[in-house]
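All chains, full assembly: derive it from the sequences and hints.
Protein sequences, first through last, are from chains A and X.
The first sequence begins at 469 in this note's numbering and counts up by one.
The second sequence begins at 1183 in this note's numbering and counts up by one.
Any given hint might turn out to be false.
[Unchecked claim] Quick list of in silico lysine-lysine cross-link-like pairs, DSS-like style, CA-CA up to 30 Å:
(1) K1183/X x K1250/X
(2) K494/A x K1288/X
(3) K1224/X x K1288/X
(4) K1250/X x K481/A
(5) K494/A x K481/A
(6) K1224/X x K494/A
(7) K1292/X x K1224/X
(8) K1288/X x K1183/X
(9) K1288/X x K1250/X
[Claimed, not checked] The calculated label-pair distances, taken between Cβ atoms and stated as ranges, are:
(10) T488/A x V1195/X: 38 to 44 Å
(11) E521/A x P1222/X: 34 to 40 Å
(12) T570/A x G1265/X: 19 to 25 Å
(13) R490/A x S1210/X: 35 to 41 Å
(14) R564/A x T1208/X: 36 to 42 Å
Honestly, the hints are just simulated from the structure, not real lab data.
All values reported here derive from a predicted model rather than from experimental measurement.
Quick reminder that beta carbons are idealized off the backbone N, C-alpha and C, glycines included.
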Amino acid sequence: DAGVTQSPTHLIKTRGQQVTLRCSPKSGHDTVSWYQQALGQGPQFIFQYYEEEERQRGNFPDRFSGHQFPNYSSELNVNALLLGDSALYLCASSLRDPFTDTQYFGPGTRLTVL
Amino acid sequence: KQEVTQIPAALSVPEGENLVLNCSFTDSAIYNLQWFRQDPGKGLTSLLLIQSSQREQTSGRLNASLDKSSGRSTLYIAASQPGDSATYLCAVEYSNYQLIWGAGTKLIIKP
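Pasting the structure below:
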C-alpha cells in the first residue's frame, strides 16, 4: 500500500516565479493538508482540502493556492515567489474518522528560492 | 491565540536512559494531540495520537499522556536507543481542522 507521495523532491526557483507542488494521498484517504516547515521550526498549516474544496486555511497570503482533484490528489501553487518561501513543504492525508484521524505525511518537497 | 510550546528544545542523554519530552498548549479545547518524529531531511512519522477524551496512549517503549486541564502532554521514552535520535514534534488539532505545532525537541541518544 503506497503511502503519501509528493513530487518533486527538490525544486529551485528564482524570486517572482511560480511553482506547483503535487501530492497523492494514502490509499483510501479523502483529506489532504499542506504545511510549510522552515528550517528549525515546526510546520505551519497552509490549508486543508476535503471533497475538492478548501475546508480550512491558515495564515498564509493569497499567493498560496491549492486544488484537490476527484481522485483526492492535490496541488499547492505558490505565485510571485519570495526568498522567505524557501522551506520544506509537507503534504498530509487523512480519513476524517473521529476515532483515529491520524495524519500521514509525505517526505516533502524542498523548495529553494534564489 | 492557539500556541504550542515544547521544552526542552534539545536534549542529549546516554543510551538506556528513560526520558520525558514536554509539550504545552494554550487552548485546552483540543480535538486531539499527536506526537510525531522527524528524521533529518525527511517527512514526519506519527508516533501516538491521543483523543481529547483519553488520558494516555502507549506504543512499545513510548507512552504519551494528556492533561487537558493543565494544557500539557508528555512523551515518555523508556530505555532509549541511538535509533531514537530524531526531532520529536507535538501537534494539537482543534475543531477547525488545523494542526498547531510546537517547534520540536531535538533528541540525541549517545551510544
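Right, here's what the structure says about each hint:
no., hint, in the structure
1, K1183/X x K1250/X, "holds (16 Å)"
2, K494/A x K1288/X, "holds (28 Å)"
3, K1224/X x K1288/X, "holds (14 Å)"
4, K1250/X x K481/A, "violated (43 Å)"
5, K494/A x K481/A, "holds (28 Å)"
6, K1224/X x K494/A, "holds (17 Å)"
7, K1292/X x K1224/X, "holds (21 Å)"
8, K1288/X x K1183/X, "holds (25 Å)"
9, K1288/X x K1250/X, "holds (24 Å)"
10, T488/A x V1195/X: 38 to 44 Å, "holds (43 Å)"
11, E521/A x P1222/X: 34 to 40 Å, "holds (35 Å)"
12, T570/A x G1265/X: 19 to 25 Å, "holds (22 Å)"
13, R490/A x S1210/X: 35 to 41 Å, "holds (37 Å)"
14, R564/A x T1208/X: 36 to 42 Å, "violated (25 Å)"
Of the numbered hints listed earlier, those contradicted by the structure are 4 and 14.
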